Amino acid sequence: MSILVNRDTRVICQGITGKVGEFHTRGCLDYGTRMVGGVTPGKGGEKIADLPVFDTVAEAVASTGANATMIFVPPAFAADAILEAVDAGIPLVIAITEGIPVIDMARVMPVVHASKSRLIGPNCPGVITPGQCKIGIMPGYIHTPGHVGVMSRSGTLTYEAVWQLTQLGHGQSTCVGLGGDPLVGSSFIDILALFEADPDTHSILMMGEIGGSAEEEAAEYVKHHVSKPVAAFIAGQTAPPGKRMGHAGAIISGGKGTAEAKLAALRDAGIEIAASPADMGTAMARAIAARKK
Amino acid sequence: MKIHEFQAKDLLRAAGVPVLAGKVARTPEEAAAAFTALGTPVCAVKAQIHAGGRGKGSVIGSSQRGVELAKSAADAARIAKGLLGQTLVTIQTGPEGQVVRQVFVESGCQIERELYCAVLVDRRVGSPVLIASTAGGVDIEEVAAHTPELILSEPFDPDRGLAAYQTRVLAAKLGLPHTSWRAAEQFFRSLTKAFVALDASLLEINPLVLTKDGGMVALDAKMTFDDNALFRHKHIAALRDEAEEEPAETRAAAAGLSYVKLNGTIGCLVNGAGLAMSTMDLVKYHGGEPANFLDVGGGADVKQVTEAFRIILSDKHVKAILVNIFGGIMRCTTIATALVEASKTVGFNVPLVVRLEGTEVEEGKKILATSGTAIITADGLTDAAKKVVAAAAAV
Numbered sequence: 011m012s013i014l015v016n017r018d019t020r021v022i023c024q025g026i027t028g029k030v031g032e033f034h035t036r037g038c039l040d041y042g043t044r045m046v047g048g049v050t051p052g053k054g055g056e057k058i059a060d061l062p063v064f065d066t067v068a069e070a071v072a073s074t075g076a077n078a079t080m081i082f083v084p085p086a087f088a089a090d091a092i093l094e095a096v097d098a099g100i101p102l103v104i105a106i107t108e109g110i111p112v113i114d115m116a117r118v119m120p121v122v123h124a125s126k127s128r129l130i131g132p133n134c135p136g137v138i139t140p141g142q143c144k145i146g147i148m149p150g151y152i153h154t155p156g157h158v159g160v161m162s163r164s165g166t167l168t169y170e171a172v173w174q175l176t177q178l179g180h181g182q183s184t185c186v187g188l189g190g191d192p193l194v195g196s197s198f199i200d201i202l203a204l205f206e207a208d209p210d211t212h213s214i215l216m217m218g219e220i221g222g223s224a225e226e227e228a229a230e231y232v233k234h235h236v237s238k239p240v241a242a243f244i245a246g247q248t249a250p251p252g253k254r255m256g257h258a259g260a261i262i263s264g265g266k267g268t269a270e271a272k273l274a275a276l277r278d279a280g281i282e283i284a285a286s287p288a289d290m291g292t293a294m295a296r297a298i299a300a301r302k303k
Numbered sequence: 016m017k018i019h020e021f022q023a024k025d026l027l028r029a030a031g032v033p034v035l036a037g038k039v040a041r042t043p044e045e046a047a048a049a050f051t052a053l054g055t056p057v058c059a060v061k062a063q064i065h066a067g068g069r070g071k072g073s074v075i076g077s078s079q080r081g082v083e084l085a086k087s088a089a090d091a092a093r094i095a096k097g098l099l100g101q102t103l104v105t106i107q108t109g110p111e112g113q114v115v116r117q118v119f120v121e122s123g124c125q126i127e128r129e130l131y132c133a134v135l136v137d138r139r140v141g142s143p144v145l146i147a148s149t150a151g152g153v154d155i156e157e158v159a160a161h162t163p164e165l166i167l168s169e170p171f172d173p174d175r176g177l178a179a180y181q182t183r184v185l186a187a188k189l190g191l192p193h194t195s196w197r198a199a200e201q202f203f204r205s206l207t208k209a210f211v212a213l214d215a216s217l218l219e220i221n222p223l224v225l226t227k228d229g230g231m232v233a234l235d236a237k238m239t240f241d242d243n244a245l246f247r248h249k250h251i252a253a254l255r256d257e258a259e260e261e262p263a264e265t266r267a268a269a270a271g272l273s274y275v276k277l278n279g280t281i282g283c284l285v286n287g288a289g290l291a292m293s294t295m296d297l298v299k300y301h302g303g304e305p306a307n308f309l310d311v312g313g314g315a316d317v318k319q320v321t322e323a324f325r326i327i328l329s330d331k332h333v334k335a336i337l338v339n340i341f342g343g344i345m346r347c348t349t350i351a352t353a354l355v356e357a358s359k360t361v362g363f364n365v366p367l368v369v370r371l372e373g374t375e376v377e378e379g380k381k382i383l384a385t386s387g388t389a390i391i392t393a394d395g396l397t398d399a400a401k402k403v404v405a406a407a408a409a410v
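Residue numbers (the working numbering), protein chains in the order written: chain U, 11 to 303; chain C, 16 to 410.
Since the hints were made in silico from the structure, they are not lab data.
Among these hints, one or two may not hold up.
Some chain C residues flagged as far from chain U (calculated, every beta-carbon gap over 12 Å) [as the list claims (entries may be wrong)]:
hint: 1; residue: VAL140
hint: 2; residue: SER205
hint: 3; residue: ALA269
hint: 4; residue: ALA405
Partial list, derived from the structure: chain C residues whose beta carbon lies under 8 Å from chain U [said to hold, decoys possible]:
hint: 5; residue: SER142
hint: 6; residue: VAL144
hint: 7; residue: LYS208
hint: 8; residue: ALA209
hint: 9; residue: VAL211
hint: 10; residue: LEU290
hint: 11; residue: SER293
hint: 12; residue: ASP310
hint: 13; residue: GLU372
hint: 14; residue: THR374
hint: 15; residue: ALA389
hint: 16; residue: ILE391
hint: 17; residue: ALA393
hint: 18; residue: ASP394
hint: 19; residue: GLY395
If you're wondering where the values come from, they're calculated on a predicted model, not measured in any experiment.
Ideal placement from N, C-alpha and C gives every residue a C-beta, glycine not left out.
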């Protein structure tokens, strides 16, 4: 078991004929993901990495039976690509694209919420169930199958955490990149609920960052609804207020979204805190060990 | 991206949001001429900088406030003289302040009440919202912290905009007289439309004024834009005032890098925003002070990474550099090649600690080892942080 994706997940790539889309489609194929096709309007009938390219998502779904999509469409057109995937009824929509205007996402959100599709991202590394299915841009080899569920608002920070877990001998059930934008399809809470329900996930590691209040909401949720051990790290403890730290969503504004407030909420919920980014794997190990006592 | 008040008001006026007549001035003479041309008995002369709190802020070395009322052309010239070329310190500028390069001379109005309103995207709701409060002209963060019940919030659909009934809900809760409800509807609806049409990330009107004759007018306007949407608003992108920005940040943006200058001594070059923030935290955790946030991103090439090194080295406070790369899309070989390139063309005059992990790590390490470049290699985060803090302290 795992969450969201497994060896049976059938994946298409929207934007497969672009340089980045093609590169990562090949990366996913190399990992063993069941890539079944791609979509680029106007390029229907072509082949990329021996996979059929379709003009529309609906055609791709009808022809391949895809049940997940990985979106690499450029920012100006990415919101439209998400809407198309949702309209085609794809249950899992993973948007990797960085730089989508926030208002475009504000238009997309109600449509996603009213549908049966789940959106992960945008501006995220993707989702991986080690040894089974990788949808996204993360380096596959750092992961190892196991029982820690990992979720994060940042890409490279997730790699760091996963690497530490792997070095310590803690494999991962599924790793989910939520995305660094102000509006993202899935929150920590959404994924916490899935991890809690997944028998193969025994503990949860989350990486948050400054900006917004998603971590505080997650802490509140953990307090009342999560029975598994949880560890967390918050990036941006030294970030100055009012400055956007790379991610569009990583900004302390109006005294809100500080690392201190998030850490306090997480601690209050009984979550094990990683004091330094070098301590993420060991914090998870501490939380697991504490529960075994 | 931020813009000046006078620029925001031009945009709002064009969008049908009521604002007062005003003119921008870059000399005391222009300020006097603006006063005369506006033809009202009283004008406000307002410093134009990319920071709020101007009314309570003052100029270094004098008692000149950032906003002052003028009753004559000579008065306007005197105030402008007290501001132009001077450094204004406000609660938002930090103690170093910001130089005033232009002032905005604006007609006065008869104030009945001061309110607060803002439009922004509420992450929790997942849509834009209009925020309003009876507590106008004051620090809204204080209001939010102490009396959150005074803050009203109405979410709206980007395409439908704020509904007419929502403006009545707000008008009633704000205690506006019935005779002003049409003015409120016009104000709030045009404001929310402008927010969406211009891809703003924040549109703050503080104070929003109910005038003695029952009208609504934006007395101040603070506007910031979604950088990701500037590609479809060339006229807004053209309003960028680089004089208000940190030069190194402007230079980094031009190179497609994400850089924020800080006040420490340890330069950081990292891939990925989360890891870049974490690297700063790590440096601090081990007793150092980060000099910057720098995310080279996932797809940076050798040229961009070389420029990143140049930008870090242009900060004279930097005593050591920490390179922390976890290769995903970014290959360690790209960083290693850029590092060797930068050492040849720029020259490193400070110690360099490098920690590489991820895609093509062995090849990357080999490039560094055979290049002859003087670097301190590190294994893991803690080792890297300890080494760079020690190196900076030794300089």
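Legend entry - Least C-beta distance between SER205 (chain C) and chain U, which was stated to exceed 12 Å: Holds, since 17 Å exceeds 12 Å.
Legend entry - Interface hint status, SER142 (chain C) versus chain U (Cβ within 8 Å): holds, 5 Å
Legend entry - Evaluation of the interface hint that places VAL144 (chain C) against chain U, nearest CB under 8 Å: Cβ of VAL144 (chain C) sits 10 Å from chain U, so the hint is violated.
Legend entry - Hint check, ALA393 (chain C) versus chain U [nearest Cβ-Cβ separation less than 8 Å]: Status violated, d = 11 Å.
Inset, instruction - Against chain U, run the beta carbon of GLY395 (chain C) and see if the smallest gap drops under 8 Å. - result: Holds, because the Cβ-Cβ distance from GLY395 (chain C) to chain U comes to roughly 7 Å (cut-off 8 Å).
Legend entry - Hint validity - VAL211 (chain C) Cβ closer than 8 Å to any chain U Cβ: With a closest approach of 6 Å, the VAL211 (chain C) hint holds.
Inset, instruction - Please settle this one: VAL140 (chain C) was flagged as non-interface, so is its CB more than 12 Å from every CB on chain U? - result: violated, 9 Å
Inset, instruction - Closer than 8 Å between Cβ atoms is the bar; does LEU290 (chain C) clear it against chain U? Give me holds or violated. - result: Result: holds, 4 Å to nearest chain U Cβ.
Legend entry - chain U contact restraint for THR374 (chain C) - C-beta distance below 8 Å: With a closest approach of 5 Å, the THR374 (chain C) hint holds.
Inset, instruction - Just double-check ALA405 (chain C) for me: nearest Cβ-Cβ distance to chain U has to come out over 12 Å. - result: holds, 16 Å
Legend entry - When the least beta-carbon distance from ASP310 (chain C) to chain U is tested against 8 Å, hint result: holds, 4 Å
Inset, instruction - Under 8 Å, Cβ to Cβ, is where SER293 (chain C) needs to be relative to chain U, so tell me if that hint holds or is violated. - result: holds, 4 Å
Hint violations for this structure: numbers 1, 6, 7, 8, 15, 16, 17 and 18, all remaining hints satisfied.
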